[in-house]
Amino acid sequence: MTDPARAETVRRSRPVRVAEAIKEWVVEKGLAPGDRLPGEAELIARFAMSKGTIREAMRLLQAQGLVVTKTGPGGGSFVGEVSQDRARALLANYFYFQNVSIDDIYQVRIALEPEAAASLAGKLDESQYAELETIMTAYEHPAEDAESERLQHVASLRFHGTLAGFADNVLLGFFIGFMAQILTDLTVYKRLYSKPNHELWREGRCHQLDLLGALRAGDADKAREIMRDHMQMARRLMEDQEAVVMKRFIAE
Numbered sequence: 001m002t003d004p005a006r007a008e009t010v011r012r013s014r015p016v017r018v019a020e021a022i023k024e025w026v027v028e029k030g031l032a033p034g035d036r037l038p039g040e041a042e043l044i045a046r047f048a049m050s051k052g053t054i055r056e057a058m059r060l061l062q063a064q065g066l067v068v069t070k071t072g073p074g075g076g077s078f079v080g081e082v083s084q085d086r087a088r089a090l091l092a093n094y095f096y097f098q099n100v101s102i103d104d105i106y107q108v109r110i111a112l113e114p115e116a117a118a119s120l121a122g123k124l125d126e127s128q129y130a131e132l133e134t135i136m137t138a139y140e141h142p143a144e145d146a147e148s149e150r151l152q153h154v155a156s157l158r159f160h161g162t163l164a165g166f167a168d169n170v171l172l173g174f175f176i177g178f179m180a181q182i183l184t185d186l187t188v189y190k191r192l193y194s195k196p197n198h199e200l201w202r203e204g205r206c207h208q209l210d211l212l213g214a215l216r217a218g219d220a221d222k223a224r225e226i227m228r229d230h231m232q233m234a235r236r237l238m239e240d241q242e243a244v245v246m247k248r249f250i251a252e
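Residues in the sequence shown are numbered consecutively from 1, following the working numbering.
Just to be clear, a hint being listed does not mean it is correct.
As the list claims (entries may be wrong) - List of simulated lysine-lysine pairs, DSS-like, C-alpha gap at most 30 Å:
(1) K23 - K51
(2) K70 - K51
(3) K123 - K195
(4) K70 - K29
(5) K123 - K51
(6) K29 - K51
Calculated directly from the structure, the hints in this document are not laboratory data. Just so you know, these numbers come straight off a predicted model, no measurement behind them.
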């Protein structure tokens with residue numbers, strides 16, 4: 001019986017296979033971002049591939065942000081480091097045509113964000129609290145029009161992305177930040193901010209203030225409970241707002 005993984009490897013183009021082999025070699029050698037990669041001649045010899053295949057493989061790695069090429073004195077190819085923003089942008093491309101709904105996003109947020117909040121109880125320093133509180137000043141007062149509603153909504157999601165970024169669990173922080181990003185994109189795309197939602201603003205801001213209090217007190221259970229309530233409230237109000245917008249769209 002054919003091994004599916006091996007069959008998939010065979011189906012991939014030669015440059016793609018070489019790019020994967022280079023990545024594996026970088027990991028095996030323990031190279032870090034900024035470390036110099038072997039020159040083209042050495043790569044040709046090491047992977048027993050033609051110059052064209054090696055160049056195409058390196059172009060693929062450059063497109064992924066995993067290889068950086070510099071020209072001039074001291075130039076060459078170096079191990080690149082993919083930023084979180086770039087990684088999220090690349091991942092967002094996958095979901096672009098997947099018809100992701102608000103309910104899909106909140107199902108994930110409800111599963112992840114309460115645990116992230118609990119893990120941070122009693123662990124933030126004053127500069128981190130100050131950063132979160134500064135974000136909250138952007139929605140200190142209720143929105144007066146559609147544009148301020150949009151800006152406040154984006155700022156509120158930035159609060160969640162920033163908080164998640166403080167987590168020791170890099171995967172948890174990344175995916176929560178990604179959920180905040182695609183929710184921002186989705187609400188802007190669907191124009192869910194077309195009318196100020198003062199109930200969402202009031203309850204959401206109160207939850208965030210209570211959450212900061214629980215985090216300062218080191219109360220993990222309370223932080224988890226507040227964040228779960230906040231996520232459930234936000235999902236309900238966002239779905240209601242989406243329904244209103246869609247009804248208005250159909251009527252028009």
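Cross-check of the supplied hints:
The straight-line distance between the Cα atoms of K23 and K51 is roughly 18 Å, inside the 30 Å bound, and the hint therefore holds. Among the hinted pairs, K70 with K51 is consistent with the structure: their alpha-carbon atoms are about 19 Å apart, no more than 30 Å. Taking the CA atoms of K123 and K195, the gap is near 37 Å; set against the 30 Å cutoff, the hint is violated. Between K70 and K29, the direct Cα distance comes to roughly 21 Å. Compliance with the 30 Å bound is thereby established for this hinted pair.
For the suggested pair K123 and K51, the alpha carbons sit about 52 Å apart, so the restraint of at most 30 Å is broken. Using a Cα cut-off of 30 Å, the hinted pair K29 and K51 holds, with the two alpha carbons roughly 23 Å apart.
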